[in-house]
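*Asks:* Just need the whole structure built from these sequences, with the hints factored in.
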Amino acid sequence: MRLFIVFLLSLLTIPSVFAKAESINLKAFATNYYNAMVASQAPNATTKELEAYLAFLTDDVGHSHLPYVTDDSRLPDGKEAMRKGMTFYLGAHTEYNSELLNIFVFNDSAVAIRYTSNAKGIHPQNNQALEYSNVMMEVLEIEDGKVAVIRKYHE
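Residue numbers (mature numbering (1 follows the signal peptide of the UniProt record, and there is no 0)): -19 to -1, 1 to 136.
It is worth saying that the hints were derived from the structure and are not from the lab.
Some hints here could point you the wrong way.
Simulated pairs of lysine-lysine, DSSO-like, Cα-Cα distance not exceeding 27 Å [claimed, not checked]:
| # | residue 1 | residue 2 |
| --- | --- | --- |
| 1 | K29 | K60 |
| 2 | K127 | K101 |
| 3 | K127 | K60 |
| 4 | K65 | K133 |
| 5 | K29 | K133 |
| 6 | K8 | K133 |
| 7 | K60 | K8 |
| 8 | K101 | K29 |
| 9 | K127 | K65 |
| 10 | K101 | K60 |
| 11 | K8 | K127 |
| 12 | K29 | K127 |
| 13 | K133 | K101 |
| 14 | K133 | K60 |
| 15 | K65 | K101 |
| 16 | K65 | K29 |
*Replies:* Written as structure tokens, this is what we have:
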């Protein structure tokens, strides 16, 4: 009987031990995500930097960037759609600077990063000069160690 009780208790504790072993340091994850994102925006960025950023995302990632993209639905080709869109703008910046301001961790399922970004460049579609400066906050929903949903907000 004693062995049976020990067995039952082990069934209750083993999953929690494995769950803790699989959890990630979201502050470090957010910092690495931010650094990869910034590298993908640099004037000399290539598909190598773009793929390093995309490696943080689930294949069905949902993405909103208000007020431009309002639907953050997760679709099977979410990462591929981001790859296509980001490839179109790859190398469009002639200048890009960013500073990480804050990281906010919400239990083990979400993190928010707040940062500044300043950019100049040439729009790849109309060849007109572009310039912007803003403070952004990205709320990242994490699933199985990857970003499942990105919500971008301007300050």
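*Asks:* When the structure is checked against the list of hints, which entries are broken? Sort them ascending.
*Replies:* Number 2 - this is the single hint that the structure violates.
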